[in-house]
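K.L.:
Sequence:
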Amino acid sequence: MGQIIKYYDLTSYFITSTNSLIVICNNKKLKKDIGLQYHHFSLNQELAKKMNEIEVEKKALFVIDILNEMFEINENIVVSDFEMLFNPSYQLDPLKYFINLSNKRKIILEWCGDFDGENLTYATPNYLDYIAYKVDKHNITCVI
Numbered sequence: 021m022g023q024i025i026k027y028y029d030l031t032s033y034f035i036t037s038t039n040s041l042i043v044i045c046n047n048k049k050l051k052k053d054i055g056l057q058y059h060h061f062s063l064n065q066e067l068a069k070k071m072n073e074i075e076v077e078k079k080a081l082f083v084i085d086i087l088n089e090m091f092e093i094n095e096n097i098v099v100s101d102f103e104m105l106f107n108p109s110y111q112l113d114p115l116k117y118f119i120n121l122s123n124k125r126k127i128i129l130e131w132c133g134d135f136d137g138e139n140l141t142y143a144t145p146n147y148l149d150y151i152a153y154k155v156d157k158h159n160i161t162c163v164i
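So our numbering is basically just the index in the sequence shown, starting at one, shifted up by 20.
Rather than coming from a laboratory, the hints here were simulated on the basis of the structure.
Any given hint might turn out to be false.
Said to hold, decoys possible - Capping the alpha-carbon separation at 30 Å, the derived lysine-lysine pairs in BS3-like fashion look like this:
1. Lys69 - Lys26
2. Lys79 - Lys26
3. Lys126 - Lys157
To be verified - Derived DEER-like restraints, expressed as beta-carbon distance ranges:
4. Lys157 - Ser37: 21 to 29 Å
5. Ser37 - Glu77: 37 to 45 Å
6. Tyr28 - Ile74: 23 to 31 Å
7. Ser32 - Ile93: 17 to 25 Å
8. Lys26 - Leu81: 22 to 30 Å
9. Asn39 - Ile74: 15 to 23 Å
10. Tyr58 - Asn146: 13 to 21 Å
11. Ala68 - Asn46: 20 to 28 Å
12. Lys157 - His59: 27 to 35 Å
13. Tyr147 - Thr31: 35 to 43 Å
14. His60 - Phe34: 17 to 25 Å
Here the structure is a predicted model, which means the values were calculated and not measured.
Note that CB positions come from ideal geometry on N, CA and C, so glycine has one too.
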C-alpha cells in the first residue's frame, strides 16, 4: 500500500497524480522546493491559538472540528510543525487524519519525527506520545 521513493525520483507529475499522502522525510532541499508551489501551513502555533479558547477537558472533543475548519481552504497544502497532534489527550491519530484529508486535496506532510527505512516514528517508546507507523500499511508515499 505505502511506498518509499527517493527525492530525485519525485516529479511534478507524480505529486499531482498520486492519490496518497506525500510524507517528506529528512530532505530540507525538497521541503524548500515543494514549498514554493504549495500553501505552507505551520500547524502548532495556529492550532494552539484556537485550542487555548477551549476548556482543557473539552479539547479532545473539538480538535477534529478545529483542524477541519483550518484546512477548509481549497489549496494544495504543505503541513509542518504538527507535533501537538500527538498529544495523547486529543485521542487523535495524526497520520490517519492527514491521510483522510489528502482524499480531498493534495497534502504534503513534513514529517516531524524519524524514519528508519520502514517506519515513521514520533517520540521514543518511553513517552506517552510515542507512535510508530509501518509505511507499507498506510496509503502514503514517503520521500527520502
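K.L.:
Honestly, do histidine 60 and phenylalanine 34 meet the 17 to 25 Å range at C-beta?
P.N.:
holds (20 Å)
K.L.:
Please verify whether lysine 69 and lysine 26 have alpha carbons no more than 30 Å apart.
P.N.:
violated (36 Å)
K.L.:
Return holds or violated for the Cβ distance of alanine 68 and asparagine 46 against the range 20 to 28 Å.
P.N.:
Since alanine 68 and asparagine 46 have Cβ atoms about 25 Å apart, the given range 20 to 28 Å holds.
K.L.:
Against the 30 Å threshold, does the CA-CA distance of lysine 126 and lysine 157 hold or violate the hint?
P.N.:
holds (20 Å)
K.L.:
Does the Cβ distance between asparagine 39 and isoleucine 74 fall inside 15 to 23 Å?
P.N.:
Since asparagine 39 and isoleucine 74 have Cβ atoms about 33 Å apart, the given range 15 to 23 Å is violated.
K.L.:
For serine 37 and glutamate 77, compare the CB-CB distance with the range 37 to 45 Å and indicate the outcome.
P.N.:
At roughly 44 Å between Cβ atoms, glutamate 77 and serine 37 fall inside 37 to 45 Å, so the hint holds.
K.L.:
Does the Cβ-Cβ separation between tyrosine 58 and asparagine 146 fall within 13 to 21 Å?
P.N.:
violated (35 Å)
K.L.:
Against the range 22 to 30 Å, how does the distance between the Cβ atoms of lysine 26 and leucine 81 compare: consistent or not?
P.N.:
violated (41 Å)
K.L.:
For the range 27 to 35 Å, tell me whether the beta carbons of lysine 157 and histidine 59 fit it or not.
P.N.:
Once the Cβ atoms are compared, 29 Å apart, the range 27 to 35 Å for histidine 59 and lysine 157 holds.
K.L.:
Please check whether lysine 157 and serine 37 have a Cβ separation lying inside 21 to 29 Å.
P.N.:
Given a distance of about 22 Å, which is inside 21 to 29 Å, the answer is holds.
K.L.:
Can you tell me whether the CB distance of tyrosine 28 to isoleucine 74 sits inside 23 to 31 Å?
P.N.:
violated (44 Å)
K.L.:
Given the hint of 17 to 25 Å, check if serine 32 and isoleucine 93 actually sit that far apart at their C-beta atoms.
P.N.:
holds (21 Å)
Taken one by one, the earlier hints fail for this structure at numbers 1, 2, 6, 8, 9 and 10, listed in ascending order.
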